[in-house]
Amino acid sequence: MRSAFTVLIVGLVASLVAVGAASAADPRPEIALTIDKDQFQPAEIKVKANTPFTVVVTNKNAKPIEFESKDLRVEKVVPPGKTVKVLIRALKPGTYAFFDDFNKAATGKIVAE
Amino acid sequence: MGGTFVITLREGFEAALILGIVYTYLQKIGAQRHYHYATRGGLLGVLASIALGIVVTALSGPLLDLGPDVIGLAVIFVAVIVLTWHGYWMRQHARAMTGDVQKKIDEAQATHRMWVIGVIAFTGVFREGAETVLFMWGLLTQATSTSGWASALGAVLGLVMAASLGWAIFRGSRHVSLQRFFGVTSVFLLLLAAGMFSTGIGRLEVMGFLPGTPTAWDTTFLLDDHGILGGFLNGLIGYRARPTVLEAGSYLLYLVVAGTLLYRSGASSPRSTTPTGRVPAHAA
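Residue numbers (the working numbering), protein chains in the order written: chain C, 3 to 115; chain U, 3 to 286.
Hints in this document: simulated from the structure, not taken from any laboratory. Predicted model only: the values in this text are computed from it and were never measured. Treat each hint with caution, since some may be false.
[Claimed, not checked] Footprint (simulated), chain C over chain U, 3 or more residues, beta carbon under 8 angstroms:
(1) 67-80
(2) 135-141
(3) 199-210
For each residue, glycine too, the CB sits at the ideal point set by N, CA and C.
When you get a sec, could you build the whole thing from the sequences and use the hints?
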């Protein structure tokens with residue numbers, strides 16, 4: 003099984019390096035998004051169109067949320083009290099809705115312009 | 003309850019499919035004594051999924067921002083590599099396996115490294131495992147006590163159902179001839195790997211590491227890939243209800259490149275009596 007682990011570790015390291023190099027070469031704007039008492043703040047995020055960016059989601063609820071967007075094809079669980087980065091691709095001008103998959107009443111949108 | 007049932011069934015199906023094929027493969031080549039490679043790989047996949055879920059929940063820091071994304075990507079591409087390798091190997095031996103079958107089997111055991119089986123089992127389980135663990139944990143903490151139990155029960159039933167399907171594949175293909183099994187599963191693994199490759203490329207696209215492309219088609223209204231049937235097809239052949247041009251393109255590209263690699267010499271070989279097995283349902 004030693005060779006198996008070698009393959010896995012080589013794959014992992016290669017991906018780490020690739021993603022690390024890609025993100026170093028391309029410093030993305032980071033946009034903070036907080037959810038507190040089941041409300042996203044801000045509920046509307048404005049971003050520049052055609053530029054990749056990162057949404058930094060902080061969950062101040064006492065329970066986990068899943069930051070999800072069908073338009074952006076993103077879903078990521080954020081444990082209570084934690085902060086998670088969500089990489090978003092360059093967007094064409096338009097409005098992209100997101101919500102908490104565990105509590106669909108909590109919604110917000112990203113407006114690219 | 004229905005919701006969690008569908009989730010674990012869908013996520014578990016692909017893992018069960020891969021494990022079913024891998025155990026059948028070991029049984030076919032008379033390598034039952036090597037079952038532990040598949041078992042250990044699968045168990046390690048489960049443990050790694052739970053461990054990653056706990057780590058992400060309990061810790062935080064710069065490594066954990068994107069760490070799970072990176073691990074997810076690495077596992078997908080490692081899975082594509084080992085599945086292609088294994089499919090290629092099976093294809094070679096499906097053609098050669100006429101005549102003295104036992105001799106060929108011994109040769110197979112001698113030449114094919116069994117740890118590849120372990121890696122296939124591990125990536126098959128771990129690929130969706132960590133996300134499923136996190137999602138289920140999140141869902142369960144949301145629920146009030148009564149519906150929480152129903153959700154947990156649904157999740158367990160989904161996993162049991164998925165495992166039963168894997169078992170059915172194992173039992174059902176026991177009497178299929180070795181050559182036919184190799185021929186059919188090599189097609190299967192090709193489609194499975196194409197689906198994974200497309201998923202990996204799609205993730206890179208979603209994160210903005212590859213240029214964004216428009217949606218190629220949207221058949222969600224017809225067959226949602228988050229439903230049971232759509233989910234099966236997703237696990238089986240990589241069906242997507244709403245892929246981008248890049249995802250659909252990379253699926254095709256993989257099929258053409260790997261298909262050429264696997265079948266180029268096979269098409270002209272008069273010894274090739276293997277059915278092409280274009281209908282994957284054969285092995286299910």
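Verification of the hints:
1. 67-80: Contact hint for the region 67-80 of chain U vs chain C: holds, 10 residues under 8 angstroms.
2. 135-141: This one holds; 5 residues, not fewer than the three required, reach chain C with a Cβ under 8 angstroms.
3. 199-210: holds (count 5)
This entry satisfies every hint, going by the numbered hints stated previously.
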